[in-house]
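Based on the sequences and whatever the hints tell you, model everything.
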Amino acid sequence: MTSAHSTEQSAAHPDLFGHPRALSFLFATEMWERFSYYGMRALLVLYMVKYLLPAAAGQVHGLATFKSALEWMFGPLDPQPLASQIYGFYTGLVYLTPIFGGLLADRVLGQRRTVILGAALMAAGHFLMAFEPWFLLALGFLILGSGCFKPNISTQVGMLYPPGDHRRDRAFSIFYVGINLGAFLAPLVCGTLGENYGWHYGFAAAGVGMTTGLIIYLAATPTLPADAFVKRQVTVPLTRSDWQSIAAILVLIAPVSLFWATYEQQGNTIVLWASQYTDRHLFGLEIPITWFQAFNPFMIFAFTPLVVALWRRQGAREPTTVTKLAIGCFLNAASWLIMLAAAHVAGSGQASWSWLFAFFVVITIGELYLSPTSLSLVTKVAPASLLSLMMGVWLATNFIAGFLAGYLGTFWSSMGKGVFFLMLAVISATAGLVIVLLHRPLHNVLLD
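So for the sequence shown, this note's numbering puts the first residue at 898; every next one is plus one.
Mixed in with the good hints, there may be bad ones.
[Claimed, not checked] Once the Cα atoms are required to be at most 27 Å apart in a straight line, the calculated BS3-like pairs of lysine-lysine come out as:
| hint | residue 1 | residue 2 |
| --- | --- | --- |
| 1 | 1314 | 964 |
| 2 | 964 | 947 |
| 3 | 947 | 1314 |
In short, the hints are calculated from the structure, not lab data.
Following this line, the structure appears as structure tokens:
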């Protein structure tokens, strides 16, 4: 995006709170999309383990074939390991399809129309979740829709700012608050409806959320930046610096994928820990299982101002981008050591819910060091002609992580809980160590 275009955009739509007005619309759109995603995610494993797989698996079109294929690769699967594998496939593919969504936007439809297509597909998918026979089709719609939506909404945030505009990093932190505001509300609304009134009410609420996000995005159209492909008259060859930037992004994918593989246990085995091994009583009341999924997003927007203020106060001593990624991995590892302690204290009984609270505090701070920083990094260093594609490639870290998270979750039933949590801590710490070793070779390329 050129500086001239940014100036024209600002003149037509004055800034709001020091940022382009379009940021507030993108914030709200992403908030409702995340409300729908995390609302469904909060229910997915519980729904499969407690109802769908034991009682209604025969009604689901294609599930028997899908299960047979998984058992051919992994051996016999009881409901919990099967649910974990399905969860892993879903969360993995949700972050593979953004590569194709980025290409579709860059080469054919543009960012705006691709976002609209994605939002419509996701709304349909959430509503289809209310019908058992269409369970796998619903997941397919959600996967394809997310692929169209995810890379292009993030790319549009970066396109609001001209090169060198220092507001960009802050804009992504603000945008990340929107993500987590939706994720905070989702378990409280969708989770409560699903647990207490029926699974399908929770899934329908997620559909309403996605539809709301689509309406907001359509209303925002006049304020949004022009599609990037419109401005390209000819294909610009990539420079040596461009190729170095692409290589740096690709090299970081492996360790960051390990971070997300352990992080994603929040929606998988941590749900089962909260259900089976946690004393959820507080002031004589029992905390609903899905409400624990609201801890992380609530802490995201509670802690974001503190972390950003810390970085600002550090000034010249603020960690480099690569260092922040490593810190995020080490904090993630520390959070699993907290769960190791919880498993030791619980023994064969239940641990206090306060252990989960402490776990979410540490893993959330780790996420703040890694996730928004990495999104901003891609928009800064990726070649302009491949921006949406490279954002999709970066989001593919979650594709690898999703499959690995599902596989790791299959050990939940057969492994001691303390050993399971220790395994996750070692994996995340290893990722942090790899990033530390990569710091020097990547430092100049990433312009830290």
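Tested hints:
1. 1314 with 964: It holds: about 26 Å lies between the C-alpha atoms, which stays within 27 Å.
2. 964 with 947: Distance ~17 Å between residue 964 and residue 947 Cα, so the pair holds.
3. 947 with 1314: Given that 27 Å is the threshold and the Cα spacing comes to 20 Å, the pair holds.
When each numbered hint is compared with the structure, no violation occurs for any of them.
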